[in-house]
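Just so you know, the protein sequences line up as chains A and B, in that order. Residue numbers for the first sequence follow my numbering, beginning at 1 and rising by one. Residue numbers for the second sequence follow my numbering, beginning at 1 and rising by one.
No lab work stands behind these hints, which were simulated from the structure alone. Glycine is no exception: its CB is placed at the ideal position from the N, C-alpha and C atoms. Take the hints with a grain of salt, since some may be wrong.
[To be verified] Simulated restraints, written as ranges between beta carbons of each label pair:
1. Glu359/B - Asp51/A: 50 to 58 Å
2. Leu285/A - Gln353/B: 50 to 58 Å
3. Glu359/B - Asp30/A: 34 to 42 Å
4. Thr339/B - Asp30/A: 48 to 56 Å
5. Thr3/A - Asp100/B: 43 to 51 Å
6. Arg39/A - Val346/B: 15 to 23 Å
7. Asp166/B - Asp30/A: 21 to 29 Å
8. Gly167/B - Asp190/A: 35 to 43 Å
9. Ala366/B - Gly268/A: 26 to 34 Å
10. Asp190/A - Val346/B: 32 to 40 Å
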Amino acid sequence: MATTTMAAALGSGLRRAMEDDPRVVLLGEDIGRLGGVFRVTDGLQRDFGADRVMDTPLAEAGIMGVAVGLAYRGFRPVVEIQFDGFVYPALDQMVTQVGRLHYRTGGTVRMPVTIRIPYGGGIGAVEHHSESPEAYFAHTPGLRVVSCATPQDAHTMIRQAIACDDPVVFFEPKRRYWVKGSVEDEVLDDALPLDRARVVVEGTDVTLVAYGPLVVTARDAALAAADDGLSIEVIDLRSLSPLDLDTVETSVRKTGRLVVTHEAQRSGGLGAEIAASITERCFSLLHAAPVRVTGFDVPYPPAKLEEHFLPDLDRLLDAVDQVMGRQHSLTGWSA
Amino acid sequence: MLRSDVSDGRALPTTEEPPDPELVQLLAPDGTRRADPVYDAWVEDVDAERLLSLYEDMVVARRFDVEAVALQRQGQLGLWPPLLGQEAAQIGSARALRPDDFVFTSYRENGVAYCRGAAPVDLVRVWRGNALAGWDPWAIGMATPQVMIGAQTLHATGYALGCAKDGVDSVAVAYFGDGATSKGDVHEAMVFASSFAAPVVFFCQNNQWAISEPVGLQSRHPLADRALGYGIPSVRVDGNDVLAVMAATRVALDRARRGEGPSFIEAVTYRMGPHTTSDDPTRYADPEVREQWAAQDPIVRVEQHLHTRGALSEDRAQEVKEHAEAFAMELRDATYGMTAPEPLTVFDHVLVQPSAELERQRSQYAAYLAMFEGTSGGDE
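The following block holds chain A by itself, in its conformation from the complex (with noise of 0.2 Å):
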């Protein structure tokens, strides 16, 4: 067991990844001699070389396409985009090719693509730096959508996304990228399932929904409201598409109450979605409507504005004072 950092962690994955499976090749900009903008694939191309680390041209939809090129050839491509805010370009290949291609031809051709994409804000970074473009791809059928928080499931996550026949859209917390943790060198069979989300905190007060860069602030959150003798349960979602359900379920069943929180904007987001999903199954348990935190839905505001952007600590035990129907919530925010 080693202590890294989330970055550093990726970075192993990926290297376990492409010394699995020769087919496994990686694209994107500035990811060879530079090792990403990131230094996630730090060194990555001194050790597998050019041909299977591949600096690309500065153009995302090619990338993209070519990576689909790649699969029918029989890769496993895995893409970075460099940032959240320039998926955008690469959109059109990831909803009209990478995510259907399966279901057209019947099952013969598949996709195991996978699509790196630094995301979300607090790093205090200029316009298209800090976005949460994940509902985009939730909706979209035929791509799995997950997201990694801690160093560990960052490292064995992404290697099952290369190793999954499916395309994976695989968003990194950029803020959390140098939070350390220990990493093991998971055996893939034994680890918990790509989509499946895991339950980081027990509770039996509220049940805290969150993924990616809000799980450190969730957790933050149960050991701050357990002062005040709340017990919240924690989930990390980790796999937004498809999202799995059961395991809120069987959390809200024992809570009653629902707080789900993401940095993206609220209007059709993944909130809305687990919030009414939860509330069809579990509609004569809750004793409060489910709550949402999230982004306004305004774009990404100036760094200097995105404290007031992005869901925090206070925001969440707010909620959580909601959904317990306290007298003495903080004021001025409603759901």
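Starting from the structure of chain A, add chain B where the hints point.
Okay, now just chain B, sitting in the frame of chain A:
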């Protein structure tokens, strides 16, 4: 050539009128064999018998294409994109390929699919609305045709990069039209192909029309010139000359196999029919121009050439006709013989491992359908 009056910024963009003396041409419209110092050598092996075989392919393609249009008119197919007029471009190029090459096309390349070995039933499956793909791509070395304009050029480029990585000399061929050359995907494909010297052939059928928009709206310069900007050698060839198309394709394939990277072929032809059976070209196409192109017919010139050489006997011509007729009838029978897919197959193959949520939707819908069993509201 493009009409000169389009460069003044006022005249409407237009299509091209034949003949263009600068195109590579080995068989003139009247069937005369024209000598070419570069391209003759590439079709030296195409003797009368082989030319007859290409002729036969074109006749078959035209015949089943006409049949499919008729089937659409009779309500048996939902839609069909006719290839009428583009037989030489499709057959001449497809017959230059090896089985281990891999083809990525648009939806109009049914002549190419025929050459690759698609069965009649495979050609109509999609157009009857029974499936989203007609054939097994691995079985015939041809990807499922692309509806999104130009997207397949990137797939071909990626596949070609894979061939190079695998150390084989197979080539990927991307078929697309004049309209596609305005798409970012096509330009990005050329950037990637050039930068990595990918063994890919960009085969552009300039049929003058993107539905109702003339080629002059896509480009005020010959399309082949676009490739030059990416450092990709290109050629404009008479797309109605099966021999010239084959020669140009062979040159490009050879370049790719030798590791010298991509090529771009502009096969200049004319879409003699509508964009699809839903289209009405009388609203936009000049019938006089169409008549000029009719005089350039790709099949007639081969026929005349073979007659001149005494290589097309009446018996042989009859055989060709019967073969074409038989294929068309097979296509007709296959269309009529196709049964609608089972309702619950709508849920199949979204993911390799189906998700629990989708399985739930499947069983819920199955239960819903079961409610109608034995009632007059069912789908009996």
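Quiz item: Hints broken by the structure, by number, lowest first?
Solution: 1, 2 and 6
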